[in-house]
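Make the full structure from the sequences, and use the hints.
The sequence shown begins at 1 in the UniProt record's numbering and counts up one residue at a time.
Simulated from the structure, these hints should not be mistaken for lab results. Computed from a predicted model, the values in this text were never measured in an experiment. Even glycine gets a Cβ: it sits at the ideal position worked out from N, Cα and C. Careful: at least some of the hints might be erroneous.
What the hints assert, rightly or not - Here are the simulated lysine-lysine pairs, DSSO-like style, with alpha carbons at most 27 Å apart:
1. K278 with K336
2. K155 with K139
3. K363 with K375
4. K139 with K63
5. K74 with K139
6. K295 with K278
7. K278 with K148
Stated by the list, open to error - Pairwise CB distance ranges, derived in the manner of DEER restraints:
8. K375 with L287: 17 to 27 Å
9. D300 with T159: 53 to 63 Å
10. A298 with R173: 17 to 27 Å
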Amino acid sequence: MKQWIALVFSGILGGVITLTGSHFLNQGNAETLKVEPVTYARSANLPSWSSNVPFDFVQAAQKATPSVVNITAKIARTTRSSQEDFFFFPFGGRGGGGPAEGSGSGVIYSENGYIITNNHVVEGASELEVTLSDNRKYKATLVGADKKTDLAVIKIDATGLSAAEMGNSDAVRIGEWALAVGNPFDLASTVTAGIISAKGRNIDLLGKGAAIEAFIQTDAAVNPGNSGGALVDAQGRLIGINTAIATRTGSFQGYSFAIPVNLARRVVDDIINFGDYKRPYLGVTILELDSDLAKELAVDASQGVVIDELVEGGSAQYAGLQVNDVIVGIDGRDVKSVPELQEVIGRAKVGDTVNLKVLRKSKSITVPVKLREQKNQ
1 MKQWIALVFS GILGGVITLT GSHFLNQGNA ETLKVEPVTY ARSANLPSWS
51 SNVPFDFVQA AQKATPSVVN ITAKIARTTR SSQEDFFFFP FGGRGGGGPA
101 EGSGSGVIYS ENGYIITNNH VVEGASELEV TLSDNRKYKA TLVGADKKTD
151 LAVIKIDATG LSAAEMGNSD AVRIGEWALA VGNPFDLAST VTAGIISAKG
201 RNIDLLGKGA AIEAFIQTDA AVNPGNSGGA LVDAQGRLIG INTAIATRTG
251 SFQGYSFAIP VNLARRVVDD IINFGDYKRP YLGVTILELD SDLAKELAVD
301 ASQGVVIDEL VEGGSAQYAG LQVNDVIVGI DGRDVKSVPE LQEVIGRAKV
351 GDTVNLKVLR KSKSITVPVK LREQKNQ
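Listed below in C-alpha cells is the structure:
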C-alpha cells in the first residue's frame, strides 16, 4: 500500500516539474511565438422586420365574408364570349339547349343595396338573383355597366347590409398578403390566401383601344364563380375586384387578377350617379418605352410612355403635347408603364386638369392637360 502511494506521489511531482519547466521554456522563447486571435462568426444587431400581418386571417375573413354575395344570372345566350386560351374570366356557367344559368360573386358597396360585380357576370342577363352570406335571397336589377373596365353595379331592395370597408389599392405593396373571397364552383363564402405578386398588370383581356387594364396580380386561388368577388388585405379591407385567372385548364393554375379598388370606386360612383362611366380622355395612342426607343428618341430614361399618335380634337392635342413626347410622371407621381398611365387617367374626372411630366428629347417639361370626356367608347 505504501508503495502504491509513493508511486502516485512521484507521478504528481513529475507532472509539476514538467509543467514548471515548460513555463520557463516558453518565457525564454516568447519572442518567437505568434498568437493568433480566435475569429468567430459576426452577428449583426439588426432590428427585426416589422409586419402588421396577423398570426392568422380569421378576423380578416370574418370582416370581409358578410360583404360578399353570390349572384345567379339567367342569360339568354348559351355560351359566354370566347377569350384567349390562357387568360379568361372565372365565371361559372351551366346551360343546356335553352338559356344559360351562371353564377358569380359581388361585393356590397353600400348599406342600401348597391353591389359591385364584373360586367361579364351580368352581361346579357334576363334575371339576376343575389344570395347574401346569411342565405337571404333578393331579386336584383342592373344599374349600369362599363365593358372597358369590366365593372357593373346591381341593386337589391334591402337596407342595413354589411358594406365592405374600402382599402387603398395604391398603398398595396408586392409581397403583402391578400385574401380572395367569393363563391367558386357554387361553394358559398370561400376564402383563399396568397400574396400580391404584381401591380399594374396588362393581360390584353378586355381588348385594345379604350380598355383599362392595370390589374393587381395575386396567387390566391380564384376559380369559376369567383368573378366579381372581393380581394382584401390582411385587415379585411377591399383592395380589388377579382376578375380573371391565368389558366390552360379553365381552373386556377397559379395567378389571378383583380381590378384595383381605387379605379373600381371611380367607375362605380359614376354608374350610380349617372348610369354610366364618364370617362376622361387623354386622346393619344401610346407605346411602352424601352432602351432602344429611348436611344432613338434621345431621352435619358428607361421607363415611361411614348406618345405615338395624337387623336384629332383630343385633350393632349389641345394641351400642346407632341408625337414622341415621353410621359414619365403625372401630378407628382412617376409613370413607368402604359397600364399605370391608363389607370391614373381613368381615375380622374372629366374637366380635371392633370400635370404631365414629359421628356421632349433632352428637355423635361410639365404640360397641364384638361381632360375631356371620351364619347363612343
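To see whether the hints hold, each was checked on the structure:
1. Distance check on the hinted pair: K278 and K336 sit about 25 Å apart at the alpha-carbon level, within 27 Å; holds.
2. The hinted pair formed by K155 and K139 meets the criterion: a straight-line CA distance of about 9 Å does not exceed 27 Å.
3. Of the pairs offered as hints, the one joining K363 and K375 is violated, with about 33 Å between alpha carbons and a cut-off of 27 Å exceeded.
4. With a C-alpha separation of about 25 Å, the suggested pairing of K139 with K63 holds against the 27 Å cut-off.
5. A C-alpha spacing of about 12 Å is found between K74 and K139, which places the hinted pair at or below 27 Å, so the restraint holds.
6. Using a Cα cut-off of 27 Å, the hinted pair K295 and K278 is violated, with the two alpha carbons roughly 38 Å apart.
7. Restraint check: the Cα-Cα separation between K278 and K148 comes to about 12 Å, which is no more than 27 Å; the hinted pair holds.
8. Judged by the Cβ atoms, the range 17 to 27 Å given for K375 and L287 holds: they are separated by roughly 24 Å.
9. A beta carbon spacing of about 57 Å between D300 and T159 agrees with the range 53 to 63 Å that was offered as a hint.
10. The beta-carbon spacing between A298 and R173, approximately 34 Å, falls outside the hinted interval of 17 to 27 Å.
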